[in-house]
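> What follows is each chain in one-letter form.
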Amino acid sequence: MAMSLGFHIIFAALGVGMPLLMAIAEGLFLRTKNPVYLELCRRWAKGTAILFAVGAVSGTVLSFELGLLWPKFMADAGAIIGMPFSLEGFAFFTEAIFLGVFLYGWNRVPPLVHWFSGAMVAVSGMASAVFVVTANAWMNAPAGFQFAGGQFWDIDPMAAMLNRASFHEVPHMVLAAIIATSFMVAAVHAFFRLREPESAFHRAALGIALAVAGVSLPLQFISGDASARAAATLQPAKLAAMEAHFRTETQAPLLIGGVPDEQTMTTRDALSIPAGLSFLVAHDTKAKVAGLEEFPRNQWPNVRIVHWSFDIMVGSAMAMLAVLAWIAVLRMKNRRPLDNRSALRALVAAGPLGFVALESGWVVTEVGRQPWIIYGVMRTEEAVTPMHGLIVPFTVFSIVYIFLGIIVTFLLRQQFLEPHA
Amino acid sequence: MLELIVAIFILFSLIIYALLGGADFGGGMWNLLAFGPRARQQRDAIAEAIAPIWEANHVWLILIIVLLFTGFPPAFAAMMTALNIPMTAMLLGIVLRGSMFIFRQYDVKEGAVRRRWNTIFGVASFLTPFSQGLTLGALTTGQIRVEQGRILTGFFAGWLTPFSMACGVFALGLFAFLAATYLTLDTREKPELQNDFRLRALWSGLALAPIAWVVFETSKEGAPYMYHGLTRWWEPVLLVWTSVCAITALAALWWRRFGVARVAAIGQVTLILVGWSLAQYPNLITPDVTVHNAAAPERTLRLLVMALGFGALLLLPSLAYLFHLFKSQESR
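First to last, the sequence lines map onto chains A and B. The opening residue of the first sequence carries number 1 in this note's numbering; numbering runs sequentially from there. The opening residue of the second sequence carries number 1 in this note's numbering; numbering runs sequentially from there.
Note that these hints are calculated values from the structure, not bench results. Hints should not be assumed to be uniformly reliable.
If you only want the chain B side, here are some residues facing chain A, beta carbon under 10 angstroms, derived [what the hints assert, rightly or not]:
#1 E55
#2 L63
#3 V66
#4 P74
#5 F76
#6 M80
#7 L92
#8 L96
#9 Q105
Beta carbons: idealized from backbone N, C-alpha and C, even for Gly.
Work out the full structure, taking the sequences as your base and the hints as a guide.
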């Protein structure tokens, strides 16, 4: 399941980000009548078609796997969090319909209707992400029910959807998807611009991708700050694991990197910023931050994985910000960053960082919630299927996904190598 | 009452999925079985007919699943546990089919690699509906026993029976018939190709009769509750209408009234699924899990019904627009 999700999340993120870029490109074409934008939109649309199909089937696998792997979880939680999934079903439906119109309707519908269907794909893609993430947020901050005697009572799906973790998780994820996509797209076009510096096509593409990234990345830092502070109140054990923070203390230092040791409850070789954690969590250097020692050992997540993933996520985000800032500076000095070969190389190198951040952030939230599947209510091992030999489907699907990943990469490459205007 | 509305919506989605998604599977089967001098044109016609709509058609299945786990969570959990193996096979089929189809569409180069996508696409188009028929059959056998949410009969009950296998084969035949019938309309501008699909529709339509008979015969032993349900007074009425539709479809194909054939084939599939669900009612997993004892709390159901209403308002016009664009030749 984790593997399916890790695979699906890439395609889902591209499914949120690509239609946005596509719709912007077509919108620019409609305004400027510059054919480069139209060509760009068509090219992106082809890539989106491939990615969307793979995202759709891997998403189907997930909806079944919820039951195939976690029947107990679904039996109890289905009534509570089925709602966002149903709404997601509708959003996905809208997305599929309008994608059909968009991809195959170039010559069949008027330009504005065509652009509108592209925009619908982008909007419903985002709506899908919103709904699915509320369900995940509910697992972190369960709401909308009473739990007594091993049973769920007094179920209120609306309250469950509007749980307290949704408000920070949803924007964080949507922004992450947009950032990851735009950096990946920017990297691809930067790569080709290095080869053919004259091409207006790649220049236009970079312009759109960087503009989108430039708006969304700074917002992501605000959202990340909100997320960390929410985690401190909602899931202090997760926050403590993220920061490898074992002892409760005031003026808590911020630890970066290092090797957390769960036995001695210390973190070796970390870069330590005095009172940094207190400041981040409470915006007050004197604040007291609860450490892992407050929680029984059997309620700790795996500290090393969570801490390292968290650092990787933040590190990737910082690196992306640095690249963007550099390009912004070049631009302000009128030094034409899109003709600067080092800047283009930096963009190519930064391409995968968005996805690195996305995947590691997802590891933080999922592994950080362990050992719970529903935080504080149901432990993961209670929810797993009684089915034996799960290694067989796991292996089969792993092979299939690796295979699909290779073919998708291959096909996308082919799309890009086709001669263009 | 609310649970019945949700159940009816699930049945409705199932019928639409069979009519649209099922036909896409059938297209994949004919793609694999394409032969003769026009094999290549047949494949192209199939791909062209499916391409703009298959993703939207596929979503009906996702809708069925989410409605099932929101509206009837314990039933969903039990089905996924007891039928873990055929469901996994079906998923594998879905993943391979969808991705191979898109690969064959977007692979720029012709040749051996593309033919390989095509073959996997075709094989997966057989695997998936067979597993789906098998699964639906297994739910009605009465051999999967559930007590307080726990499966008593393990992971092999129900779906390895002759009855379930017959249901799987029936699903294959039905979808192949449906696809060939639709394709006669999609190829109306190419009479030779149209005739190819006409003959395929006739043969697969005729083959359905003996398969249906096997399903009925095996249900005596294999699905006694179902058999009992099938012999209630209103079933013969439905059965007669199903047969009327089937015969009309075949006759219309014979006399090349393809529009009539399509309507009759749609009627046939709809009646089969309605008849099946009426015979099954109120069971979801015969005999222990029913629409009533597996329903989610009322508040969830009420919200779900509201969401369904709003969703339908948004969805049905968009869907109608999609099909109008790509399926009504009259408009251009």
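> Quick check: which numbered hints come out false for this structure?
none
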